[in-house]
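Visitor: The task is simple: from the sequences and hints, build the whole structure.
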Amino acid sequence: MKKINWKKEARLLPGYLIMFIWVLFTAVMLFWILGASLSTSREIFSGNIFKFETGFHWENYATAWNVQNVSVFFANSLLYSVISCVGVLAIAAPAAYVLSRWQFTGGKTLRIGLVIAMSVPVIMVIMPIYSLSVQWGIKGRVLLVILYIMLRVPYTTIYLLDFFSTLSRTYEEAAYLDGCSGPNTFLRIMLPLVQPAIITVTIFNFMSVWNEFFMALIFTSSESMAPVGVGLLNIINSMKYTGNYGGMFAAVIIVFLPTFLLYIFMSEKIIAGVTGGGVKG
Amino acid sequence: MRKNKAMIFWFCLPALLSLVIMFVYPVTRTVIMSFFQVESVTATTADWSFYGLGNYTKIFGSASFMTSMRNMLLIWIVGGVITLALAMLMAVVVTSGIRGKKFFRAAIYMPNIISAVALATMWIQYIFNYDYGLLNEIVQLFGGDKVKWLGTDLKFWAMTGSFIFGSVGYYMLIYISGIEGIPQDLYEAATIDGAGKGRQFFDITLPLLKGVIKTSITFWSINTTTFFLWTKMFSPIDTESSTIVPVIYLYDMVFGGKGITTRDAGAGAAVGVVLTLIIIAVYLVTEQLFKGSDLEY
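Sequence order for the protein chains is A and B.
Numbering-wise (the working numbering), the first sequence opens with residue 783 and increments by one.
Numbering-wise (the working numbering), the second sequence opens with residue 18 and increments by one.
No incorrect hints appear here.
Among chain A residues calculated to face chain B with C-beta under 8 Å, some are:
1. W804
2. M811
3. W814
4. V880
5. F886
6. P903
7. S913
8. L933
9. L1014
10. L1015
11. F1038
Just a sample of chain A residues kept apart from chain B, beta carbon distances all over 10 Å, derived:
12. A792
13. F832
14. K833
15. T836
16. L860
17. V864
18. G922
19. L949
20. D960
21. I980
Note that these hints are calculated values from the structure, not bench results.
Glycine included, C-beta positions come from ideal geometry on N, C-alpha and C.
Guide: Below, the structure is given as structure tokens:
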């Protein structure tokens, strides 16, 4: 263990204080919500949530899951996130590979187009997409998944492109001499080599789709296809009638947990990814 | 390496189609639509009638649109200054050699990875709650009277405050990566020359972070012009003048909101174009202001 340099630590004291206050606030908030999710509405309003005088009210979670339909929202979000993550990779990875490897007509235009698309605000695309979907008769879950996939293509392609460019061309030359076809080389040799980048980009796509709200609000016509964000908003709006605060806080915890757990295990990778791709000073 | 034209074509086609269907076509159509009188968003082009700048004069003549622009501007300036300053402070502290750097960095970034709906709910239902909320507990601890944080007067600032809390971590990460790119020997030389920490920050760190600060301002502008979710959470059912932002105005106009009986997709498109122009303008202005920021070191 490194010896503590007290003089240095004392100089850093104001810094520690700032960090401590911020993190303490966050922790208090999370623990309070957790406590409230296991309490009755009466306990929440009387401010006695951490005494658990009437025990832990796990039934709040059962109510949220079954009665308030969180199970449906959760399954929807999982479905949207997983299918979108796979779909976007199937579109973006081949394009990223080809764009990083060869100069060809339109290649540069496509690349610039993808970079610009990354900062196009959703409000600029939402209206024509809406009318197009009505015209083509695509709706509900299928529509949402297709939109999420296409929405994430620019970011994913550009992110993977940077990684493919770092790979040596000797792999392909060797594969070519061994008689391996282009698409086969891509699938069997190049794709496994960028696996770390694929994992990072998939984490970001997953979190982004899981937390997406605007398009879900516009394109989900019924509660049965709502993802967690829209579902939670519905629960809160119906709170006036149900008055079930414990159940609502349980729903908040259930919605919050998946990306939070992902973060606990992969925070280093996620943080490295935030500033790794795209963000350049 | 042999160039396989068929492979290039088939590998690019799906990405190209996504780009055209999801971005090129919709953006073009939205821009064109903003010059036409279009009632329903699903109306075919046959039902469009040319309106010139009519949609633009309409929205700029609308009181609620102007209120929404004013709110957005407040979030952009006041929220921006606070968020970016806090993010810079956090970034400097995290990189100052404190223990538990990784933990603090991860903890401060955390609000960015959880569902914003869940985060906003935590603030609305707990922190700002009148009966049992954290802020009122603190106020009472100091002998004050309970405050209606979500009343009409304070709602906007409550919303902006919680939005700031959720945003700081992201900009902190951007600044940290910038600070970590500055060579350490610059600071060592400055220390030998007798420059204090504050002096070092203003004379070394800030000038060398110009490029990163420029990026963060652009990102902040995109985030505030497309501000939607937090208003929807703080005013879930009725649109209120205290929290309305342009995207909410657009949403109500195009997809319907309480109290709005007529739809106007053309005006909605005009709102989208105005917001996009604002983002582009901010981008160009910061590019100009921070010119020559690619310092070599």
